[in-house]
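S.K.: Take a look at the letters that make up each chain.
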Amino acid sequence: MYDNPGNTTDQEKFLDQSIRVVKTESFEMKRCLDKGKTMDALKHALQMLNEMRTAELSPKFYYRLYMDTMHELQCLEVSLIQEYAQEPAKLGNLYECVQYASAIIPRLYLLVTIGGVFIKCGLGSRKEILKDLVEMCRGVQHPLRGLFLRNYLMQCTRSVLPDLPETEDMLLAHNNTLPKGAPALKPRDGTVEDTIDFVLINFAEMNKLWVRMQHQGPSKEKEKREKDRLELRILVGTNLVRLAQLEALTEEMYVRDVLPSILEQIVSCRDTISQEYLMECVIQVFADDFHLATLNEFLNACGQLQQEVNIKILLIALVDRLALYTNSSIEGQPAPTKMQLFEIFSEQATSLIKNRPDMPMDDIVALHVSLVSLAVKCYPDRLDYADMTFLGLRQVIEEKGITDIEAFGKVGRELTKLLNIPIDEYKNVLRLSELPEYIKVMSYFDYRGQCNIASYMVQNMLEEETILRHQEDVDAAFSLISSLLRDQEKQPDNSHETEEFADEQNLVARLLHLIRADDVDSQFLLLNSARKVLGEGGRHRLRYTLPPIIFELYRLVLQFADMKDEDEKWDAKIRKMFVCAMGTIGALVSTAELAELPMKLYLNVSSFCKQHSMKNFQGAITADRVPFEDNHTVVYEFVSKALSILEDDVVDSRDRVRCLQLTVGTLLKTTHLPEENWQPLANQAVLAAAKMFKKPDQVRSLVTVAALYWHGKTLETNGEKLRNGKKVVDILRKSAKIAKECLEPLVQQQLFIQLLSAYTYYYEDNCPEINVDHIEELISRTQDNAVQLDVSAEADSLEKQLGEAIRRLQLAKLDVAASQVSSARAEPDLPQPPSENEGL
Amino acid sequence: MAMLFGFGQSADIQIRLSNEDTRKVIKSRGDDGNMHDNFLYYDGESVTGTVQVNLKKANHKFEHQGIRIEFIGQIEVYYDRGNQQDFISLTRELARPGDLTQNAQFPFEFNNVEKPFETYMGTNVKLRYFLRVTVIRRLTDLTKEIDLVVHALSSYPDNDKSIKMEVGIEDCLHIEFEYNKNKYHLQDVIVGKIYFLLVRIKIKYMEIAILKTEIVGSGPNTFKESETVAKFEIMDGAPVRGESIPIRLFLAGYDLAPSMRDVGKKFSVKYFLNLVLIDEEDRRYFKQQEVTLWRKADKVMRRPGSDEAEEELQTSIPGTQKFTAPAPVEHPKPESPRSDPKSGSTSPDDNSDSS
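For the record, the sequence lines run as chains H and Y.
FYI, numbering that gives the first Met the number 0 numbers position 545 of the first sequence as 544, with every residue one higher than the one before it.
FYI, numbering that gives the first Met the number 0 numbers position 124 of the second sequence as 123, with every residue one higher than the one before it.
It is worth saying that the hints were derived from the structure and are not from the lab.
Note that the coordinates shown come from a computational prediction; the quantities given were computed from them, not determined experimentally.
Worth double-checking, as some hints may not be accurate.
Taking lysine to any residue and the SDA-like style, the derived pairs with C-alpha atoms no more than 20 Å apart in a straight line are [to be verified]:
| hint | chain 1 | residue 1 | chain 2 | residue 2 |
| --- | --- | --- | --- | --- |
| 1 | Y | K203 | H | Q215 |
| 2 | Y | K201 | H | Q215 |
| 3 | H | K22 | H | Q73 |
| 4 | H | K22 | H | M66 |
| 5 | Y | K125 | Y | S27 |
| 6 | H | K416 | H | N459 |
| 7 | Y | K203 | H | A102 |
| 8 | H | K126 | Y | P317 |
| 9 | H | K426 | H | E462 |
| 10 | Y | K286 | Y | H173 |
| 11 | H | K130 | Y | K321 |
| 12 | Y | K125 | Y | I25 |
| 13 | Y | K211 | H | Y99 |
| 14 | H | K89 | Y | P317 |
| 15 | Y | K230 | H | S101 |
| 16 | Y | K203 | H | S101 |
| 17 | Y | K321 | H | Y99 |
| 18 | Y | K203 | H | A54 |
| 19 | H | K130 | Y | P317 |
| 20 | H | K226 | H | Y62 |
| 21 | Y | K203 | H | E55 |
| 22 | H | K416 | H | S345 |
| 23 | H | K376 | H | I343 |
| 24 | Y | K201 | H | H214 |
| 25 | H | K130 | Y | S243 |
Please put together the full structure from these sequences, using the hints given.
M.R.: Here you go:
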């Protein structure tokens, strides 16, 4: 290439020297032009152009020199045109004279300039001159200098290349707009075909020069050369741009002459850089419909490119461009055009891959990304196209024996892109089940990859609210996301500990709420079958996936409750639903080894039951028909199960307290348990309270449980509270006893105060069994205790609390006294608490 | 001298040629090395004019033994100054011996003089035509000479054969070159092409040189002198196999004379086109090819003033002469250098030879 590239400083120096010469000579040149001494001006121009012969400059610096020189040549051109436009004949044999110059580079630059002047002045045959110029430039075989010379040729002739035929009207119109005295335009010879020939020759020659750069100079400078070449590529590409700009270029010409010639040049140059750039150029510069018309030819040529060429990028660029085009602009076009498009691409891509055994897998997948995107976007109805593409890819993967594609590897990323396209485009994941090959391709992913795709699907379903209405929907969805639903062979052991796992399972849980059949029966069936599938998910998944099923069941029950009249087997069905829910919760306990969650669920169900039975109750009064045996059995069963979980499975003492509180709360809300069912549950709760591990917990729990006997409602009380004061007092007393056994003074004091509050509460609520003396005793005991406490912040606050409690009691006393007086007057018979309560 | 000796009257001689105003003048280098304007004559053209003898002293008698004018064509070989050969010598008597008392004019006429050779100023030889007026006197003659330039016109049929040749160095360089003719007139343009069939040297550039060889004498006394009269770069950089490079060389740009062969059995002038390839180590590979240069009669103005002439300019402008191969040859397509694994890597020893 350049003989002595030197370093940048040297280059600057050389460039400076050259530019100085250019400046001096161009100054002289202009002076001669001003004096009308054309020949002398040309001599200076030659001197100036001598600098372009340099071999010292790298492409970047040569370019700067070129720009300066070109600017001066333009001045020369403009000045000559001004001088000779009126009398072009005076140019005479200037075209010959400039060829007397003995050095080729200056000679040809000047020749091109004068050629341009001739054409612009309307002298000589435009066609002949263009042809002559492009041929004469062959004399420069030095890549860098040749490229720039030919670029200058393109620049100079840019505006004079024959294009649309110059009709007489056009000329006339043009000439009429000219000021007086300006030379009228004469019709010029040459057609757009001449231009095409001209540019194609120039293009071919420039490409050859450009390619040749690669093979000159020592091999150790290969990288640098490639960098240089990339800097120069635009010079070659300009030719294609110029062709594309021709207004008279028809599709027919493009198909017949232009593209074949370009492709021949590109293919035959056998240079990777050139092929990659020029093919992309072709894609970018020419019109979409030209591409459509030459798809086969273009793709064929792609197949003949060097192995190293990144075909992927080319095809993707083309596919994307055409996909956009077909989608946007040829709605009304006959289908065959569109159909062919995909088929051609698909066929070509397949043969390309076959012919290039070395093509990296990620490129292959990326190619399919484009194909699928084309298929899915342009042919939304042709699922077979998409499926065909997936099939093709599967076969390639199979052939290559690739498995377990890493989710975030090169291939994996492309594969993810590929699999996401139909999800995004169809906006309905269920359609994927119509692509049998989709899931097969997916299975080549490793565990993580499959999960990612599956959760992407679920997200899409959630966003698009894809309702799973039928069994087939559920089956389809589940089979698509099966990687999320059960343990996979490739699944790493600790996968369930990851954040992703939890996120995914949460998604699945949300997905379950999309199961929505048209009627209750089918919904139940769907839920049931979903449960079965989910049941195989193993303990780590169950905790996420079963609760939504249970909630869906509850929802179903509530929904169904109103439909009692519409269904003969209502009772049986509703019972079945509860059984199912119970079984599901049971699975949570047994398989998922959970305690608190299923317990809450049990209790929940009972609270649901309550609501539901309330409704039924009301319904029952009007219909006077159905007893609630089923109902209370279910409630009993559920609460008892909750209690047994509390006993057996809840280990942490704090959890136990909380769970017991929940149970008490739930029991308080039930209203329709018959006494025979209610009592064992309440008793069990009291027992559980007493069996708390820590004394303070026992005290507090007992205080809580006591409420059951005061506020609880059974079937028999008919909506009234039990108000079993004796039992309450028993329990409170028991807890007081335990409190006394407590050895920590601060804790004990707390407990005392709490007890005091409880006593006060019941006293206030007119519990006759509460003895004020008893309370007083407790107070004095508490006060004694308070004195003994060490001074501390806690003690202080307890002191205050105690004061509050006492004041509260005083107020209560007044209230009770007042009410006793008034009630003694108005209602002598206080409602008696149920007497059949059994003691503890 | 006559004046020194005081022999009185002396005279100034002038030669006036007819049509001096319209006759073409050629600048040529004279013996003294300066450029002189000389009138141009062609073969067979009459040389006419008048000789003026102007007396320096009016009304004094000027005595002479006779006045004559000669037309001489002469070849002079520099290394042999004494041995001048007049291949033409024509004499006209202008006046018989007698006296001149006033300025006198003597018309002369050489009708249809044969001028077989072209005027030539070479390195070792000179061919000149001149008129010499001699006024014969008793002691020293008065003489006056003027040089004339003679252009020898020739004509050759247009369907001249091209020069075509394939040359090369084995495994190193093979080219085929073609010049459209082997006889060019002096205003002609050489067009041609060079095809590269094999390139394994790193060519820096290629040029065509025009060599002029002057051969004087014969036998052991032959003097041969060559000089490069023109250098014309036709290619910059290194081509690859299959490239064809156009040649278009305008002879009008150079000061050339026609080829001469055995002129007066004294000398010859030959021209060669020398195709030279220079590689990156500045080694030169060349091939010489003799061409004949000839002088063509100046163009007769074609249909002067007619509009058609202008029209013709529209389609063909001077300077776009193209080479059209008489018989098209099949040439390999240009190929990428990759296909030629050894290209650019030949060892320098392989190509130190010249073709």
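S.K.: If a hint holds in the structure, say so; if it doesn't, say that too.
M.R.: So, going through the hints one by one against the coordinates:
A hinted pair counts as satisfied when its Cα atoms are at most 20 Å apart, and K203/Y with Q215/H qualifies at roughly 12 Å. About 9 Å separates the Cα atoms of K201/Y and Q215/H, which keeps this hinted pair within 20 Å; it holds. With a C-alpha separation of about 14 Å, the suggested pair K22/H and Q73/H falls inside the 20 Å cut-off, and the hint holds. For a cut-off of 20 Å, the pair hint linking K22/H to M66/H stands: about 12 Å separates their Cα positions.
Taking the CA atoms of K125/Y and S27/Y, the gap is about 12 Å. The hint holds against a cut of 20 Å. Distance check on the hinted pair: K416/H and N459/H sit about 15 Å apart at the alpha-carbon level, within 20 Å; holds. Simply put, K203/Y and A102/H have alpha-carbon atoms about 13 Å apart, close enough for the 20 Å limit, and the pair holds. About 14 Å separates the Cα atoms of K126/H and P317/Y, which keeps this hinted pair within 20 Å; it holds.
With a C-alpha separation of about 9 Å, the suggested pair K426/H and E462/H falls inside the 20 Å cut-off, and the hint holds. At roughly 12 Å between alpha-carbon atoms, K286/Y and H173/Y fall within 20 Å of each other, so this suggested pair holds. Our distance criterion of 20 Å between C-alpha atoms is met by K130/H and K321/Y, whose separation comes to about 10 Å. A C-alpha spacing of about 16 Å is found between K125/Y and I25/Y, which places the hinted pair at or below 20 Å, so the restraint holds.
Note on K211/Y and Y99/H: the hinted pairing holds, with a Cα-Cα distance of about 19 Å set against a maximum of 20 Å. Simply put, K89/H and P317/Y have alpha-carbon atoms about 13 Å apart, close enough for the 20 Å limit, and the pair holds. Between K230/Y and S101/H the alpha-carbon distance is near 6 Å, which keeps this suggested pair within the 20 Å criterion. Between the alpha carbons of K203/Y and S101/H the distance comes to roughly 16 Å, so the proposed pair stays at or under 20 Å and holds.
At roughly 16 Å between alpha-carbon atoms, K321/Y and Y99/H fall within 20 Å of each other, so this suggested pair holds. For the suggested pair K203/Y and A54/H, the alpha carbons sit about 11 Å apart, so the restraint of at most 20 Å is met. Proximity of K130/H to P317/Y is assessed by CA-CA distance (about 14 Å); at most 20 Å being required, the pair is judged to hold. Proximity of K226/H to Y62/H is assessed by CA-CA distance (about 15 Å); at most 20 Å being required, the pair is judged to hold.
Distance check on the hinted pair: K203/Y and E55/H sit about 14 Å apart at the alpha-carbon level, within 20 Å; holds. Using a Cα cut-off of 20 Å, the hinted pair K416/H and S345/H holds, with the two alpha carbons roughly 18 Å apart. A threshold of 20 Å between alpha carbons decides the hint, and for K376/H with I343/H the separation of about 16 Å falls inside it, so the pair holds. A C-alpha spacing of about 12 Å is found between K201/Y and H214/H, which places the hinted pair at or below 20 Å, so the restraint holds.
Distance check on the hinted pair: K130/H and S243/Y sit about 16 Å apart at the alpha-carbon level, within 20 Å; holds.
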